[in-house]
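Chain by chain, the residues run as shown.
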Amino acid sequence: MMLWHKAWLESRLRLLLGAVVIGAACAVAVLFHTPIRAALATSTPPLSTDAAYMYRTVYQGFVRFAFMMLAFILGLGGLLRERDVGTSAFTLALPVTRLRLLAVRATVGLLELAALAILPAIVIAALSPIAHMQYPVSQTLRFAVLWLAAGSTLFAAAFLCSSLMGGEYTAFVIAWIAFFGHTVTTQYMRIRHPEWSAYLFTVQEVMSGFRMAYFDPSARVLVGPFPLAIVAAVSAVSALMISAAVAYTNRRDF
Amino acid sequence: MMLAYKAWCETRVRFLVSAAALAWFCGLFVIFRPGVRDASKMAYAEFIDEKIYDGGIRLMFTVFVVVLGLGGLLQEQARGSAAFTLSLPVTRTRLIAVRAGVGLAEMGALALMPALVLVVLSPMVHERCPPLVLMLSAHWAANGAAIFSIAFLLSSVFGGPYAALAASMALLFAYALLVRQPMPIPLTPPFTMALVATSAWIAEHRDFS
Numbered sequence: 001m002m003l004w005h006k007a008w009l010e011s012r013l014r015l016l017l018g019a020v021v022i023g024a025a026c027a028v029a030v031l032f033h034t035p036i037r038a039a040l041a042t043s044t045p046p047l048s049t050d051a052a053y054m055y056r057t058v059y060q061g062f063v064r065f066a067f068m069m070l071a072f073i074l075g076l077g078g079l080l081r082e083r084d085v086g087t088s089a090f091t092l093a094l095p096v097t098r099l100r101l102l103a104v105r106a107t108v109g110l111l112e113l114a115a116l117a118i119l120p121a122i123v124i125a126a127l128s129p130i131a132h133m134q135y136p137v138s139q140t141l142r143f144a145v146l147w148l149a150a151g152s153t154l155f156a157a158a159f160l161c162s163s164l165m166g167g168e169y170t171a172f173v174i175a176w177i178a179f180f181g182h183t184v185t186t187q188y189m190r191i192r193h194p195e196w197s198a199y200l201f202t203v204q205e206v207m208s209g210f211r212m213a214y215f216d217p218s219a220r221v222l223v224g225p226f227p228l229a230i231v232a233a234v235s236a237v238s239a240l241m242i243s244a245a246v247a248y249t250n251r252r253d254f
Numbered sequence: 255m256m257l258a259y260k261a262w263c264e265t266r267v268r269f270l271v272s273a274a275a276l277a278w279f280c281g282l283f284v285i286f287r288p289g290v291r292d293a294s295k296m297a298y299a300e301f302i303d304e305k306i307y308d309g310g311i312r313l314m315f316t317v318f319v320v321v322l323g324l325g326g327l328l329q330e331q332a333r334g335s336a337a338f339t340l341s342l343p344v345t346r347t348r349l350i351a352v353r354a355g356v357g358l359a360e361m362g363a364l365a366l367m368p369a370l371v372l373v374v375l376s377p378m379v380h381e382r383c384p385p386l387v388l389m390l391s392a393h394w395a396a397n398g399a400a401i402f403s404i405a406f407l408l409s410s411v412f413g414g415p416y417a418a419l420a421a422s423m424a425l426l427f428a429y430a431l432l433v434r435q436p437m438p439i440p441l442t443p444p445f446t447m448a449l450v451a452t453s454a455w456i457a458e459h460r461d462f463s
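Residue numbers (our numbering), protein chains in the order written: chain A, 1 to 254; chain B, 255 to 463.
Heads up, a few of these hints could be off.
Examples of chain B residues lying across from chain A (beta carbon under 7 Å, computed) [unchecked claim]: (1) 314; (2) 424; (3) 443.
If you want the footprint, here are the derived chain B segments under chain A, 3+ residues with CB under 8 Å [said to hold, decoys possible]: (4) 262-276; (5) 287-297; (6) 315-322; (7) 447-458.
Simulated from the structure, these hints should not be mistaken for lab results.
Remember, predicted model here, so these are calculated numbers, not experimental data.
For glycine and all other residues, C-beta sits at the position ideal for the given N, C-alpha and C.
Given these sequences and hints, build the entire structure.
This is how it looks when you write it as structure tokens:
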């Protein structure tokens, strides 16, 4: 239980900041939808439906990007950073295996990520009646699961980088570079090999549904059966990266 | 001089990794231009403006600049080395000013990186590098200075290293969302100096014991 408490203490400020940012952005998007809609209409196609507006502002827009950034930030930390601070010897002296230390940190981080992923659904459901907006709860919940699955890969990438590299911010920079590389490579492969296009997707596209078969771009809503195979695939990638971090930490000399 | 060397040692890994990444991706974009989305339809100058100095690479630059701005005495306090730094025979204001100077110089070098890559690689793809790149890099540097100073100030306020990072990102996105355009160039030098001066004022009045 103490390990959980330790992981929580180390990450709670990041979670609280993230919750404030995402919660406030969603609340502003819902409560001030009329002026925001008018402002957005000058640069984007008209957002005539509530679904199109919520998608543009929350599920494809600023809030999604903030969530991605927070997924990276929640994945940072760990024993290498503790070594720099000088506390890793104390942590490693605890009567638990390194596997357990990392498993608890990863679980706490993923639970925090789940809380951030479900937050837009809660804020939108709570405030929509006040703002006279209609956005289906089923859409918000489906997006929450997609965000958690795709966000877990970003979290796992930062988690792995933190296990491989010391320095407080180097891991974040490397994880960000890897993410940008993944996006650029996917787009390049699509152009060079259009026949593979159906099988190539980025983390951002899984989250927003953009270009995906489970998204209707005209109505801007998720449609059809829930994409369990894609969720399972990205979750497997996350699990693989977290396992690699655990395996590397187990062998490392601190 | 030793203070500048200290600041360089603390940030060089971040800076070198960031510079290498910017050079790598700018180079890739130039060499594999037909493979970049919508790039084959654009004139070379337009491609440079929209694909190199805008979009994903600009976002990456923003992230790197934020990271360069982080660190400082509060983080040193968490590591237990603040007492050693504060025992140096210099004022806290000078410590902060030198760290800001080194960070801004690194940020300037990052802003120039695309121009450098374009000057070197354009002849290899049978194109001529337009003088526009210097102006675009200057824009990056001016806005980068403002972004740097925000991260710099927030790392003087938040003790935890990742809290300052999260707060800087949140503030930048909020600015981008609300204002939806970069800060006017003439405003960036006084804005940067004001924020660095505020950081120095905070450091002077804070108890690091």
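* To do: Just pull the numbers of the violated hints for me, sorted ascending.
  => The structure breaks hints 3 and 7; every other hint is satisfied.
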